[in-house]
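Trainee: Sequence:
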Amino acid sequence: MKASYEQLDVSVQKWLFKQGWSDLREIQKLAIEPILSGCQDVLISASTAAGKTEAFFLPASSAVANVKDGFSILYISPLKALINDQYRRLDSLAEMLEMDVTPWHGDSSQAKKKKARSTPSGILLITPESLESLLVRESGWVNSAFNSLSYVVIDEFHAFIGTERGMQLLSLLNRLEHLLDRYDKPIPRVALSATLGDLEQVPKSLRPDQSLPCEIITNSKSTATIKCQVRGFVEPASQEGNAESADTLVCSELYQLCRGDSHLVFANSRNNTENLAARLVEMCEENIVPNEFFPHHGSLSKELREDLEQRLQKGNLPTTALCTMTLELGIDIGKVKSVIQVNAPHSVSSLRQRLGRSGRRGNPSILRMFITEDDVTIRSGIVDKLRLELVQSLAMIRLLLDSKWFEPADTSQYHFSTLLHQVLAVTAQWGGVRADQLFTLLCKKGPFQNVTTEHFVSLLKHMGNTRLLTQLGSGELVLGIEGEKIVNHYTFYAVFQTPEEYRVVVGAKTLGTLPVDSLVLPSQHIVFAGRRWKVLDVDSDKKVINVEATKGGKPPKFGGSGMFTHGKIRQEMYKIYSQGDYRIDLGSQKVDFADAVARELFNEGAKYFKEANLTEESVIQSGKSVCILTWSGDRVANTLVAILLSKGVQAGSYAGVVEVENSTVTNVKRMLKDIVVTGLPTETELAEMASDKIIDKFDELVSPEILSIGFGHRVFDVKKLHSYLVSMF
DNA sequence: GACCTGCTGCGGGGTG
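The numbering of the first sequence is this note's numbering, which starts it at 1 and goes up by one.
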């Protein structure tokens, strides 16, 4: 590590020596110069456990080693848990450099905050929400405490891109640069991230106005081998006979496959996760062996989650976690033997993250997918006959392994809800502000660059009418009565929406929280934390559900609204059907990654595709209904359904297939032609007809006009539908 | 037909 090593501060070199590191990793060497230069942004993109954090902190702490007054490095994390991790990890390096490190979030100690308030110095580790509260409430102090700020570093940057929280974060950073008067000498931003879909696009997401150049650093070698298999399961049409239900087969496979080593099983929903865990725990009990199966998801208490995380990280006991995306993120749990995905995943990018959790040193990453299809009967619809879930899974694996494609972040949205939040936050921070100043700060210089002056005027006027803002005689805007109420409540600082949650309690012990959007009644049975419980009573004032242990029971309904399947996946499915082959080309060979049942299921689906002539035809009769297969993303299907509904036609969509009830192919084709001839409505017009457009936290405060614009852009895609319809005729 | 994340200031009670 000659040359690069010597550019680091002597104390940092000492620290490296003390760690016994023989050499720096590739990305760590590559990051030294661009970070030391202090005049450019840097994107460090590498997989988990590749040493990204050190790649930033070694050169950055070198550069500020002699700065004592004020914070020099601002580290921003999406998770409190990650801040606590980093605080521990930075301990010895900071000690060597005699540098302060302050963890600052809702649960961190008041004493540490108090000390940092009086003598700000070194590294500040913070969440976007806590940074927001500092700007709104103590901007004067922020101005002096950050006066010598040299770096902003954002951990898990991929978790922010294209989200409400990401827009808030970018706005916060812009407001900070504005407050510190650093527009002509911007503070370098460093983003640490898992590998991202379209790296070239990321710098624009890191600094929308591109006032600093951005260097991209990735680890080039990815020689890890991957083993992958799709297993099919068939749910029998009737419970009679000897056929075992698919769930039973899935569970016994999991039991045999997982016992004795550590694995992660992703089952998409908390509900599924709980059900699988409950059955596997019971199987251990029946066989009188120690339990190795545990659930892990966001509704479980911190204690239960941490116990499991520690058990996985220690690695001395075989442990299988039945989990949701909580174990997809950066939490340090070490690598597992294999990853099993039960049912089709929701996106290729999350499949990729999950796969990255397996692959121990010197061993391949192993991914298995368990896909269940219903036995086809006379009553089966086209979705079953085509084996759509299985083929979607095959397509996703091909895209991931063969095309190396995964969904890019969507940066085209307006985010009006978060824009409204930022208008309130800036008004509170400044006390009074002119409309043109707000527009410049948030939209022209800030991250809301898709928003026009017309949108902004509509938003502000409505905020005035609803008393969120008040205009003074001077023209300045200040918070109105309603605005004060919102800003002064502690829930103001987060920009994302959360459902109401009940605590599930047994005796004196809290098992976790359950988001309640379906009724939970006394004596009802629920599955939670991998066990079955009977509800004793529900206290709606204290938001507590008291339960006792029991056998048997029906699972609770967990809430949530869906996301969209990308059009690229549907196109890959069409390709697979058309070719009648899903295998991956490897040189002159074709690699089959399906087991016998999955292969048989695929053949059934491909046969149906061929018989129905779906290569040529995309509108077909299915019983009394007509199905339209556009082989495009869910936005296109949504658009078509909305248009049909507006014409009084009964229509719906499932898995990208639009179904028109009680009709004929001739009829539907005539309707589709009519739609093209008379012209398609705009996305906004379609949105205006939708009854419920409230998705994000502050949507209900946004003016109806721009709410429709934002909703329409998010949910519909008229242009793609148009090109599909035109291609038909 | 899904998942995840975060926030204040203050008062009361317990512990060292």
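Do not take every clue at face value.
Stated by the list, open to error - Distance windows between CB atoms, simulated:
#, residue 1, residue 2, range
1, V478, S37, 41 to 47 Å
2, S347, D69, 41 to 47 Å
3, E138, Q310, 35 to 41 Å
4, K610, V289, 44 to 50 Å
5, K542, K112, 54 to 60 Å
6, S646, K590, 42 to 48 Å
7, K542, E33, 52 to 58 Å
8, D261, S301, 51 to 57 Å
9, K185, K112, 26 to 32 Å
10, V289, R88, 33 to 39 Å
To be verified - Below, simulated DSBU-like cross-link-like pairs (lysine-lysine); rule was C-alpha separation at most 35 Å, straight line:
#, residue 1, residue 2
11, K227, K445
12, K697, K227
13, K575, K590
Treat the hints as calculated values from the structure; they're not laboratory data. Beta carbons are placed, not taken as given, at the ideal position from N, Cα and C, and that holds for glycine.
Trainee: Between the beta carbons of V478 and S37, is the distance compatible with 41 to 47 Å?
Mentor: Given a distance of about 42 Å, which is inside 41 to 47 Å, the answer is holds.
Trainee: Taking 52 to 58 Å as the hint, is the beta-carbon distance of K542 and E33 inside that range?
Mentor: holds (57 Å)
Trainee: So if I understand the rule, the pair passes when the alpha-carbon distance is 35 Å or less; does K697 with K227 pass?
Mentor: Roughly 42 Å between the alpha carbons, so the hint for K697 and K227 is violated.
Trainee: Given the hint of 54 to 60 Å, is the C-beta distance from K542 to K112 inside that range or not?
Mentor: violated (31 Å)
Trainee: Just tell me: holds or violated, for the beta carbon distance of S347 and D69 against 41 to 47 Å?
Mentor: Because 46 Å falls inside the window, the suggested range holds.
Trainee: Going straight from one Cα to the other, do K227 and K445 come out at no more than 35 Å?
Mentor: violated (47 Å)
Trainee: When you check the alpha-carbon spacing of K575 and K590, does it fall within 35 Å?
Mentor: Between K575 and K590 the Cα gap is close to 16 Å, so the pair holds against 35 Å.
Trainee: Assuming the hint says 35 to 41 Å, is it satisfied by the Cβ distance from E138 to Q310 or not?
Mentor: holds (36 Å)
Trainee: Is 26 to 32 Å a correct range for the gap between the Cβ atoms of K185 and K112?
Mentor: 30 Å Cβ-Cβ, so the 26 to 32 Å window holds.
Trainee: Note whether the CB distance of V289 and R88 lies within 33 to 39 Å or breaks it.
Mentor: Taking Cβ atoms as reference, V289 and R88 lie about 35 Å apart, which means the hint holds.
Trainee: Just tell me: holds or violated, for the beta carbon distance of D261 and S301 against 51 to 57 Å?
Mentor: For D261 and S301 the Cβ distance comes to about 27 Å; the hint is violated.
Trainee: Does 42 to 48 Å hold as the CB distance between S646 and K590, or does it fail?
Mentor: holds (46 Å)
The structure fails hints 5, 8, 11 and 12 (numbered hints given earlier, in ascending order).
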